Each structure stands twice: as C-alpha cells, then as structure tokens.
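Using the sequences plus the hints, can you model the full thing?
Protein chains: 2
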Amino acid sequence: MNYPLILITNDDGIESPGLRYLIKIMNKIGKVVVIAPDKPQSAQSHAITIDKPIRCDKVIIDDGKQLEFKCSGTPVDCIKLAFSVILDRKPDICISGINHGSNSSTNVIYSGTVSAAMEAYLNNIPSIAFSLLDHSLDADFSQVDNFIIKITRDLLESKIVSCLNVNFPKTIYNNPIKGIKVCHQAAGRWIEEFDERFDPKGDKYFWLTGKFVNNDKSENSDQNLLEENFVTVVPVKYDLTNVEHIELINNLLNE
Amino acid sequence: MNYPLILITNDDGIESPGLRYLIKIMNKIGKVVVIAPDKPQSAQSHAITIDKPIRCDKVIIDDGKQLEFKCSGTPVDCIKLAFSVILDRKPDICISGINHGSNSSTNVIYSGTVSAAMEAYLNNIPSIAFSLLDHSLDADFSQVDNFIIKITRDLLESKIVSCLNVNFPKTIYNNPIKGIKVCHQAAGRWIEEFDERFDPKGDKYFWLTGKFVNNDKSENSDQNLLEENFVTVVPVKYDLTNVEHIELINNLLNE
Numbered sequence: 001m002n003y004p005l006i007l008i009t010n011d012d013g014i015e016s017p018g019l020r021y022l023i024k025i026m027n028k029i030g031k032v033v034v035i036a037p038d039k040p041q042s043a044q045s046h047a048i049t050i051d052k053p054i055r056c057d058k059v060i061i062d063d064g065k066q067l068e069f070k071c072s073g074t075p076v077d078c079i080k081l082a083f084s085v086i087l088d089r090k091p092d093i094c095i096s097g098i099n100h101g102s103n104s105s106t107n108v109i110y111s112g113t114v115s116a117a118m119e120a121y122l123n124n125i126p127s128i129a130f131s132l133l134d135h136s137l138d139a140d141f142s143q144v145d146n147f148i149i150k151i152t153r154d155l156l157e158s159k160i161v162s163c164l165n166v167n168f169p170k171t172i173y174n175n176p177i178k179g180i181k182v183c184h185q186a187a188g189r190w191i192e193e194f195d196e197r198f199d200p201k202g203d204k205y206f207w208l209t210g211k212f213v214n215n216d217k218s219e220n221s222d223q224n225l226l227e228e229n230f231v232t233v234v235p236v237k238y239d240l241t242n243v244e245h246i247e248l249i250n251n252l253l254n255e
Numbered sequence: 001m002n003y004p005l006i007l008i009t010n011d012d013g014i015e016s017p018g019l020r021y022l023i024k025i026m027n028k029i030g031k032v033v034v035i036a037p038d039k040p041q042s043a044q045s046h047a048i049t050i051d052k053p054i055r056c057d058k059v060i061i062d063d064g065k066q067l068e069f070k071c072s073g074t075p076v077d078c079i080k081l082a083f084s085v086i087l088d089r090k091p092d093i094c095i096s097g098i099n100h101g102s103n104s105s106t107n108v109i110y111s112g113t114v115s116a117a118m119e120a121y122l123n124n125i126p127s128i129a130f131s132l133l134d135h136s137l138d139a140d141f142s143q144v145d146n147f148i149i150k151i152t153r154d155l156l157e158s159k160i161v162s163c164l165n166v167n168f169p170k171t172i173y174n175n176p177i178k179g180i181k182v183c184h185q186a187a188g189r190w191i192e193e194f195d196e197r198f199d200p201k202g203d204k205y206f207w208l209t210g211k212f213v214n215n216d217k218s219e220n221s222d223q224n225l226l227e228e229n230f231v232t233v234v235p236v237k238y239d240l241t242n243v244e245h246i247e248l249i250n251n252l253l254n255e
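Protein sequences, first through last, are from chains A and B. Under our numbering, the first residue of the first sequence carries the number 1, and numbering increases by one thereafter. Under our numbering, the first residue of the second sequence carries the number 1, and numbering increases by one thereafter.
Worth flagging that the hints you see were computed from the coordinates, not collected in a lab. Fair warning: this is a prediction, and the values are worked out from it, not measured in the lab.
Dumping the calculated BS3-like pairs for lysine-lysine here, alpha-carbon to alpha-carbon at most 25 angstroms:
no., chain 1, residue 1, chain 2, residue 2
1, B, K237, B, K159
2, A, K90, B, K211
3, A, K90, B, K204
4, B, K39, A, K204
5, B, K237, A, K237
6, A, K52, B, K211
7, A, K170, A, K217
8, B, K39, A, K201
9, B, K201, A, K52
Listing some non-contacts, in silico: residues in chain A with all C-beta distances to chain B over 12 angstroms:
no., residue
10, K24
11, D63
12, R89
13, L137
14, N229
Which chain A residues stay away from chain B? Per the calculated CB distances, all over 12 angstroms, these:
no., residue
15, K28
16, L133
17, Y173
Yeah, the Cβ is synthetic: ideal placement off N, Cα and C, and Gly gets one too.
Shown next, in the form of structure tokens:
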C-alpha cells in the first residue's frame with residue numbers, strides 16, 4: 001500500500017518511550033497521526049468518558065513528521081475522537097502501543113492498549129496492539145522493530161480486517177526470538193492480594209496488587225509461547241457471546 | 001440451594017434505584033453482601049484502579065438485612081475486593097445491576113455492570129448482569145422481578161458456571177414481555193458525534209455523544225429480540241480469541 005494513513009495511540013500516555021519508539025518506526029511506513037492520552041491510562045480497558053468533557057489539543061513533542069494530539073480521555077476516547085473529529089478520512093490501519101508490559105492471556109480484558117485497537121476494529125479498521133513484556137521505562141525495543149514492521153506491512157498489504165494482539169517476550173541478547181506464533185489467549189488470571197494500609201487519620205485504604213497465575217497447559221496459548229521466546233499474535237474480537245453455552249442455558253431457562 | 005451467599009454490585013453506584021431494588025429481591029433468596037461504587041461508574045468497562053489507593057467502607061443505607069460496603073473504585077475493583085478482603089468464603093453467585101439502560105449488543109464491552117459479572121466469572125463464580133432498557137431514575141422494575149428471581153434461582157440450582165448478560169425491554173403495561181430468549185450479541189455499534197464547545201477562556205472541549213446503529217439482521221440477536229419485547233440472555237465469555245482468524249493470520253505471517 002502506497003503511503004498509508006496510520007493512526008497511533010497507546011495507554012501509557014503520549015510521552016511514554018514505547019509510543020515514541022513506535023512513532024519513529026511508523027514514520028518509515030506512512031503518514032502518521034497520533035492521538036494519545038495526556039497521562040498514563042493503564043488498565044482502563046474499554047472505559048469511555050461520558051460524565052465530563054474531554055480536551056484534545058495539538059502538540060509538538062519531537063521533530064518527527066507525525067501530526068500529534070494529546071487527549072484528556074481514555075485510549076478508547078482517543079480512537080473515537082480520531083474518527084469523529086481529527087481525521088478527515090478513515091485510517092488504513094490503527095496501531096496501539098508499544099505497551100510497557102504484557103497484554104497476553106486475560107490481561108487483554110483490562111488493557112487500554114488492546115481496547116484502543118479493538119475500538120478501531122469495531123469501526124472496520126485493521127488494527128494491532130503491540131506490547132513488550134518489560135515494564136521498565138528504558139525497555140529495549142530495538143530487537144522487535146523488524147517484527148513490528150513485518151506484521152504491520154503484512155496486515156496492511158493483505159487488506160484483511162482483523163485486530164491482532166501482539167506480545168513480544170522480554171528480549172535478552174543471548175536469547176533470540178524464535179519466530180512468530182499465531183495462537184489463542186491463555187486461560188490465566190490474576191489472584192489479588194490487596195495491600196491494606198492506614199492513612200495518617202487512621203482510616204483504612206487498599207492498594208491493588210496481585211500475581212498472575214497461568215492455568216493453561218495448552219501448547220498453543222500465548223502465555224506459554226511467550227515463555228518459549230516466541231512473538232505471539234492473537235486475533236481478537238468484540239463478540240463476547242459464549243456460543244457453547246447458548247443451548248445449555250436455553251435448556252435451563254426455557255425447558 | 002439453601003440460603004446461598006449472593007454478592008451484588010453495579011456500575012450506577014450504591015444509591016441507584018436499580019441496585020436498591022435488586023437488593024430487596026435478593027434478600028428473599030439468600031444472604032446478600034453488597035459492594036458497590038460510591039459514585040456512578042458507568043461505561044468503566046473492565047477498568048481497574050492501579051495508580052491510586054482504593055477506599056472501601058461498611059455502610060448502612062436502608063433497613064434491609066444485607067451487609068453493604070461502598071467502594072471508591074470501579075465495578076471490577078469491587079469484585080476483586082469482595083473476593084480478597086470482604087467475603088470469608090466464595091459467593092454462590094454474583095449479581096450485577098439492575099443497570100439503568102441497555103447493555104445489549106456491543107454495549108457489553110463498555111459496560112461496568114457486565115464487566116463486574118465477568119470478573120466474578122473469571123473467578124469461577126456463576127454470575128448475571130441485569131439491565132433494563134430505561135435510563136430514567138424512576139424506571140419501573142416491578143414487571144421484571146419474576147424474571148430476575150427465575151433466572152437467578154435456575155442458575156443457582158443448576159450449578160452451571162456461566163456468565164449471563166440479561167437485558168429487559170422497557171416495560172409498558174399494555175405491551176407484556178413475551179418470554180426469555182437465549183441468544184447472541186448483536187453486531188451493532190455506536191456512531192459518535194462529539195459536541196464541540198468552548199470554555200469561558202476560549203479553549204475547546206468535547207462532550208461524547210452518539211447514536212447506536214444496529215446492523216445485525218439476524219433473528220437471534222439480542223438487540224432485535226429486545227425490540228420484539230423479549231427478555232434476552234446472552235452467555236458471555238472473556239476469551240476474546242477470534243478463532244476464525246487464526247489460520248488466516250497464520251497464513252499471512254508465517255507463509
């Protein structure tokens with residue numbers, strides 16, 4: 001595709017290194033428009049802002065050729081604003097990320113990064129969420145550039161309308177990535193351990209913490225393949241219908 | 001099931017009439033524990049609070065026999081707190097709602113009400129999200145009590161672990177509900193129309209508005225069945241894998 005229009009967002013905020021890195025990569029592929037949250041919006045899932053106004057202002061952050069807007073809302077708000085207010089035509093693709101930290105397994109349902117890509121897909125735009133399994137601000141994205149370029153170009157050229165949740169293992173120089181696996185979301189979940197504290201007035205409050213538990217033994221799950229150092233690609237969808245339960249529940253309620 | 005433990009939450013907040021009505025109904029069925037947001041949290045989807053502390057305090061709002069807690073976080077935070085901090089055993093069922101307004105079709109992915117039920121299901125607890133297609137504060141829930149009691153009792157007694165997204169048509173006295181349909185999520189979506197305004201300083205801001213468009217012609221979709229005055233029940237799941245795209249994308253990226 002000749003010089004595609006690429007819409008970029010994330011959930012870590014417009015100044016996060018993962019987003020800045022993604023912009024540099026995408027400037028090589030097409031015309032880039034960025035609409036990203038003005039502050040971190042991690043774990044905001046598919047939340048939208050309905051009870052207060054949203055600010056969205058043009059900004060210049062570096063000397064790249066991209067056009068950029070910072071938005072006071074959530075990642076999904078950014079996509080909605082892009083389509084309705086900012087862009088004068090539909091983008092050819094929407095890219096979200098690069099997220100600092102994993103969006104594999106059930107992390108997908110909490111993730112603002114993946115939800116932003118999903119929102120674009122709801123509007124019939126091919127989309128990709130990229131995440132690296134490294135939370136640190138100085139995460140090294142240089143080993144995954146080629147994968148990002150390949151997956152983006154392949155999806156663009158195919159004209160397939162799909163939403164891809166892509167996770168990269170934490171790269172280590174003596175442990176090269178083994179390849180790309182297209183697979184399913186692992187059946188893992190978080191087990192919470194709230195940290196209970198008391199404020200100076202003696203009132204109780206909680207910090208959400210927890211650990212991730214992977215109960216999925218299947219070879220073709222993203223969590224397990226990431227542990228084997230593969231890049232994982234899970235095509236995702238917004239139809240949550242549990243088709244396998246329709247008959248079961250119908251027999252229960254309408255017998 | 002003898003005197004089950006019923007966990008209740010919602011996204012409209014602990015004082016919303018829909019929640020208060022649900023508590024009264026559930027007090028007839030079992031032991032009720034309520035953990036609900038201290039303010040409206042509509043459209044918060046599966047968002048969780050990771051960047052600030054959460055407050056959760058016992059409250060007494062009416063003279064019912066339920067135990068109640070108000071929480072400063074999202075609906076999903078409420079469920080996580082319930083399981084980790086408040087309850088001393090797993091509940092037998094989790095009920096979310098009654099939401100003031102529809103959670104049919106793709107509304108499901110934005111809904112805090114449905115996400116709360118989904119979070120319980122992630123923890124292997126049967127759960128139900130109830131929503132009435134009437135936004136008004138004085139919505140009339142009296143015509144749907146019997147359906148709520150039937151669906152809750154049936155799910156409890158069956159021991160089936162499923163998550164049900166239940167929507168009730170806006171009831172009108174001369175237009176009785178035709179029955180219960182177990183069906184799939186309609187392929188509809190919101191088309192945004194941001195309302196652009198200027199503040200007293202002359203700076204621009206936006207209000208999110210929009211209209212819902214139902215492109216789903218299939219007879220067995222929730223949106224269409226609600227328009228025919230059926231109660232709709234969509235079993236939902238948190239595995240977002242688009243299984244039908246796995247081979248397609250694998251051929252694209254690994255050919």
